[in-house]
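Our numbering numbers the first residue of the sequence shown as 747 and each following residue consecutively.
Check before you lean on any hint, since a few could be wrong.
[Unchecked claim] Computed beta-carbon distance windows for the label pairs:
(1) 812 / 778: 51 to 61 Å
(2) 841 / 785: 31 to 41 Å
(3) 841 / 791: 47 to 57 Å
(4) 829 / 799: 46 to 56 Å
(5) 800 / 832: 17 to 27 Å
(6) 807 / 840: 42 to 52 Å
(7) 791 / 838: 41 to 51 Å
(8) 811 / 841: 42 to 52 Å
(9) 827 / 786: 28 to 38 Å
(10) 817 / 776: 47 to 57 Å
(11) 782 / 830: 20 to 30 Å
(12) 781 / 830: 37 to 47 Å
(13) 804 / 824: 39 to 49 Å
(14) 781 / 839: 36 to 46 Å
Note that these hints are calculated values from the structure, not bench results.
Glycine included, C-beta positions come from ideal geometry on N, C-alpha and C.
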Amino acid sequence: MTKTQDELEVEPVEESEEGEEAPHARRLDADSILDTLVPDSIDWRDTVRRHPAVSVLTVGLVGYLVGRTKGAAIVAGITAGLSSAMMRQLSDVFEGDFFEFE
747 MTKTQDELEV
757 EPVEESEEGE
767 EAPHARRLDA
777 DSILDTLVPD
787 SIDWRDTVRR
797 HPAVSVLTVG
807 LVGYLVGRTK
817 GAAIVAGITA
827 GLSSAMMRQL
837 SDVFEGDFFE
847 FE
């Protein structure tokens, strides 16, 4: 079963002890990214509705070009992020009660 768009919403963060509201986690979706990148004078949603095939081909071409020129850096970044996450998990395991011999 897949989650709908509403079920993927980020829950609001509770207030901290000092009474200040903690920063909210930002949603990362295509609409919010495109809204920040594309100028307000361009209605990109209408353009995609009117020309879906051209839009898909354009995005595919941009993805291909970015992959060809920056592919090694993207793979290195993903690898570094996964390595960091694995090291955090391992440090949590080694710091836990599992490996304490008393």
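Next item on the list: Please name the hints from earlier in the document that this structure breaks, with their numbers sorted from lowest to highest.
Entry: 1, 2, 4, 5, 10, 12 and 13
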